[in-house]
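Participant: These are the residues of each chain, in order.
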Amino acid sequence: MDVEAFSFLEVLNQNSKLNIVVTKDLFQKILEESGTKIDFNGFLVDAITEIREKSNSEDEIAFIDLGVLSAGSKVFIQKNIASFSEFLVARNKNSSL
Amino acid sequence: MIDLGLITAVLNAARASLELGKSVLIKDKAVKDALRQKEVLEALKKTENNGNIFIIQGNNNQILVADWSKIPAAEKKALLENFSNTNKQGLQKEISIIDQEFYHRVELFEASSSSDRKIEKILPFLEPEFKNILKLSIYVKELYDCGNNLEAAEVKSDIGYQYGKNGRRLCNLYSNGYVVAMIEYLSAYHDGNELKIKEDINKRILWLIKKPIFYIHQRHNSALIVAEINEAFHRKEIYIAIHAAGQNISKAESIFSEITERAKECGYDIAVSNEKTLSQTPVHNILITLKD
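Chains as they are written, first to last, in our numbering: chain A, 5 to 101; chain B, 113 to 404.
Simulated from the structure, these hints should not be mistaken for laboratory data.
Where a beta carbon is used, it is the ideal one built from N, C-alpha and C, also for glycine.
Incorrect hints may have been included.
Unchecked claim - Okay, the calculated beta carbon distance ranges per label pair:
hint, chain 1, residue 1, chain 2, residue 2, range
1, B, His346, A, Ala66, 37 to 45 Å
2, B, Val384, A, Ser20, 34 to 42 Å
3, B, Asn124, A, Arg56, 37 to 45 Å
4, A, Arg56, B, Tyr256, 34 to 42 Å
5, B, Glu193, A, Glu54, 17 to 25 Å
What the hints assert, rightly or not - Chain B is faced by these chain A residues, among others (derived, beta-carbon under 10 Å):
hint, residue
6, Ile42
7, Leu73
8, Ser77
9, Asn84
Produce the entire structure from the sequences given, and follow the hints as far as they go.
Facilitator: Structure (structure tokens):
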């Protein structure tokens with residue numbers, strides 16, 4: 005079986021759009037590596053300030069409800085298509101500015 | 113049926129590259145499709161490196177597999193910089209980390225091409241919340257039309273979660289044809305004047321959600337509307353309205369004839385107005401108000 009392999013950096017640089025699909029456990033690991041941790045009540049907090057993070061709908065967001073973490077600062081999107089749709093509208097609006 | 117053996121064989125072939133922290137491009141279509149299913153990642157979590165294996169969907173739907181624990185720290189940093197609160201460079205690239213349980217729903221939604229010509233026309237006039245609810249309502253209809261009832265129910269539930277009772281009601285009003293009927297009425301009422309429709313429409317939608325207001329269309333089931341109006345009488349709603357324009361007027365009149373007696377018995381005043389727009393389209397309005 006032939007294998008074509010790239011460095012992760014090449015993948016990052018060669019693609020204008022990337023969806024990184026992860027298990028819940030790996031999601032938690034990546035969040036921690038990016039400076040977000042989960043508090044005792046299951047909510048996402050900034051690892052340094054311990055202030056609760058807000059979702060794109062401006063609500064505090066529990067890790068269990070997190071569906072997508074999007075780039076462009078740090079956008080937490082709930083595991084909810086209505087919330088994801090709002091995010092897409094906002095992103096498209098920003099990119100057309 | 114997902115062939116986990118085939119996926120394992122592909123991963124075994126890629127093992128050396130994955131161990132070196134490389135991302136491996138998947139060329140086999142069956143494997144590509146399988147890897148996008150949540151059950152597969154869940155199964156891989158148990159057999160492959162404790163859940164560190166993940167999927168990357170790139171441009172042109174390319175699928176790559178990588179192992180998070182093997183990616184060099186500097187390369188991880190390059191990714192994570194896009195998620196820094198202070199770094200705005202990420203705006204240039206669309207990078208998302210997605211929970212695999214949610215991924216298939218995101219994919220389905222992004223692939224949707226659902227539209228409703230009549231609704232699309234007025235979307236730019238709508239407040240963001242109404243706009244999103246109606247876009248999602250069109251998507252719900254598409255899902256039902258495709259027989260994906262499970263996802264349709266999920267999206268309806270998401271609308272309820274995000275926008276509460278108003279969201280659910282607007283979605284139902286759309287499904288039952290009341291929103292399109294309202295747009296057609298408004299278009300006739302304002303002679304297609306977009307500025308006037310724009311000024312009027314958000315207020316009308318709010319009333320439609322909050323009050324028993326019926327914009328009648330030929331497609332509507334009269335018996336259902338009569339039943340809903342009788343329900344409103346029972347709840348002692350202080351304001352009930354029936355609107356129709358053009359060819360829909362006869363249907364409105366027939367509904368009206370069926371509820372008139374009950375309205376009077378329940379202590380309602382009835383005011384009927386017949387108007388004509390500038391373009392001579394007849395407009396029929398029935399306002400039913402509870403007496404003091």
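Participant: Let me make sure I understand: some of the numbered hints might not hold for this structure. Which ones are they, in numerical order?
Facilitator: Of the numbered hints, 2, 6 do not hold.
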